Amino acid sequence: AQSVTQPDIHITVSEGASLELRCNYSYGATPYLFWYVQSPGQGLQLLLKYFSGDTLVQGIKGFEAEFKRSQSSFNLRKPSVHWSDAAEYFCAVAPMNRDDKIIFGKGTRLHILP
Amino acid sequence: GAVVSQHPSWVICKSGTSVKIECRSLDFQATTMFWYRQFPKQSLMLMATSNEGSKATYEQGVEKDKFLINHASLTLSTLTVTSAHPEDSSFYICSARERLAGGPGLDEQFFGPGTRLTVL
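These protein sequence lines are chains Z and P, in that order.
Under our numbering, the first residue of the first sequence carries the number 1, and numbering increases by one thereafter.
Under our numbering, the first residue of the second sequence carries the number 1, and numbering increases by one thereafter.
So that you can see chain Z by itself, here it is in the shape it has in the complex (with noise of 0.2 Å):
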């Protein structure tokens, strides 16, 4: 069956240090991959997704993503935090069947040092 892993579940970073959060999915095939952000109390936003092409995907806010097929992995990264990064960050994937369903995985909490 298809898996999201997120094995950090808390990340602690200071403010202007670079971040990477992990993920590694296990599906028979290459899936769409997607990193969401969540504030508190608040829904999910986009932050980039991968459908095929270059490996190493744009989001917004600042935040990149490198899809490694390989390592079946799909890791977030960002070069410089803000305090406003910090949220929960859920790494997700969806097979390639426009008519399947999104799984999530446990998500990572980020934290930021002042």
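These aren't lab readings, by the way, just hints derived from the structure by calculation.
Hints may be right or wrong, so weigh each one.
[As the list claims (entries may be wrong)] The calculated lysine-lysine pairs, modelled on DSS-like cross-linking and capped at a C-alpha distance of 30 Å, are: (1) Lys106/Z <-> Lys61/Z; (2) Lys106/Z <-> Lys55/P; (3) Lys49/Z <-> Lys101/Z; (4) Lys41/P <-> Lys106/Z; (5) Lys61/Z <-> Lys41/P; (6) Lys20/P <-> Lys41/P; (7) Lys66/P <-> Lys41/P; (8) Lys101/Z <-> Lys68/Z; (9) Lys66/P <-> Lys20/P; (10) Lys49/Z <-> Lys61/Z; (11) Lys55/P <-> Lys14/P; (12) Lys101/Z <-> Lys55/P; (13) Lys55/P <-> Lys61/Z; (14) Lys106/Z <-> Lys66/P; (15) Lys64/P <-> Lys101/Z; (16) Lys41/P <-> Lys49/Z; (17) Lys64/P <-> Lys14/P; (18) Lys101/Z <-> Lys41/P; (19) Lys49/Z <-> Lys106/Z; (20) Lys20/P <-> Lys101/Z; (21) Lys41/P <-> Lys14/P; (22) Lys68/Z <-> Lys41/P; (23) Lys66/P <-> Lys14/P; (24) Lys66/P <-> Lys49/Z; (25) Lys66/P <-> Lys101/Z; (26) Lys68/Z <-> Lys106/Z; (27) Lys41/P <-> Lys64/P.
No experiment lies behind these values; they were computed from the predicted model shown.
Could you slot chain P onto chain Z? The hints should help.
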């Protein structure tokens, strides 16, 4: 980008009452809407998939008689929590998928801001 709204944003009700939550796609037609439930500090759990004009498809373990879903139009889906109990207290999030012309990869789910339900 496309906008999805939910109403109400929060609701408090007494145990045994029913609560209706609306999910609207404001600037696009959504042939499919999804309802998720999120417990505190947890991920989103898909409850059901709602297709316009047909019955919703519920995930395993979700009581269809308790969580009634209606998708009467291409812009509106409703979730009714019937005979709510404190254990139904949760954050409910809907999403809507915009079906675009073209090949795979063009559909995207847009999420609503969520509804916080508290059952006393």
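Hint-by-hint comparison with the structure:
1. Between Lys106/Z and Lys61/Z the alpha-carbon distance is near 22 Å, which keeps this suggested pair within the 30 Å criterion.
2. Proximity of Lys106/Z to Lys55/P is assessed by CA-CA distance (about 29 Å); at most 30 Å being required, the pair is judged to hold.
3. A hinted pair counts as satisfied when its Cα atoms are at most 30 Å apart, and Lys49/Z with Lys101/Z qualifies at roughly 15 Å.
4. With a CA separation close to 9 Å, the supplied pair Lys41/P and Lys106/Z stays within the 30 Å bound.
5. For the given pair, Lys61/Z sits about 23 Å from Lys41/P by alpha-carbon distance, which is consistent with the 30 Å threshold.
6. For the proposed pair Lys20/P and Lys41/P, the alpha carbon gap of about 24 Å is at most 30 Å, so the pair holds.
7. Between the alpha carbons of Lys66/P and Lys41/P the distance comes to roughly 24 Å, so the proposed pair stays at or under 30 Å and holds.
8. As the CA atoms of Lys101/Z and Lys68/Z are separated by approximately 22 Å, the hinted pair is consistent with the 30 Å bound.
9. Between the alpha carbons of Lys66/P and Lys20/P the distance comes to roughly 12 Å, so the proposed pair stays at or under 30 Å and holds.
10. Using a Cα cut-off of 30 Å, the hinted pair Lys49/Z and Lys61/Z holds, with the two alpha carbons roughly 14 Å apart.
11. With a C-alpha separation of about 28 Å, the suggested pair Lys55/P and Lys14/P falls inside the 30 Å cut-off, and the hint holds.
12. Straight-line distance between C-alpha atoms of Lys101/Z and Lys55/P comes to about 16 Å, which keeps the hinted pair within the 30 Å bound.
13. Proximity of Lys55/P to Lys61/Z is assessed by CA-CA distance (about 38 Å); at most 30 Å being required, the pair is judged violated.
14. Between Lys106/Z and Lys66/P the alpha-carbon distance is near 25 Å, which keeps this suggested pair within the 30 Å criterion.
15. Restraint check for Lys64/P and Lys101/Z: satisfied, since their Cα atoms lie roughly 18 Å apart, inside the 30 Å limit.
16. With a CA separation close to 23 Å, the supplied pair Lys41/P and Lys49/Z stays within the 30 Å bound.
17. Proximity of Lys64/P to Lys14/P is assessed by CA-CA distance (about 21 Å); at most 30 Å being required, the pair is judged to hold.
18. For the given pair, Lys101/Z sits about 22 Å from Lys41/P by alpha-carbon distance, which is consistent with the 30 Å threshold.
19. With a CA separation close to 18 Å, the supplied pair Lys49/Z and Lys106/Z stays within the 30 Å bound.
20. Pair hint Lys20/P plus Lys101/Z holds up; C-alpha atoms about 24 Å apart against a cutoff of 30 Å.
21. A distance of roughly 24 Å separates the Cα atoms of Lys41/P and Lys14/P; the hinted pair therefore holds under the 30 Å criterion.
22. A C-alpha spacing of about 28 Å is found between Lys68/Z and Lys41/P, which places the hinted pair at or below 30 Å, so the restraint holds.
23. With a C-alpha separation of about 16 Å, the suggested pair Lys66/P and Lys14/P falls inside the 30 Å cut-off, and the hint holds.
24. For the hint pairing Lys66/P with Lys49/Z, the CA-to-CA distance comes to about 34 Å; that exceeds 30 Å, so the pair is violated.
25. Proximity of Lys66/P to Lys101/Z is assessed by CA-CA distance (about 22 Å); at most 30 Å being required, the pair is judged to hold.
26. About 20 Å separates the Cα atoms of Lys68/Z and Lys106/Z, which keeps this hinted pair within 30 Å; it holds.
27. With a C-alpha separation of about 25 Å, the suggested pairing of Lys41/P with Lys64/P holds against the 30 Å cut-off.
In summary, the numbered hints that this structure violates are 13 and 24.
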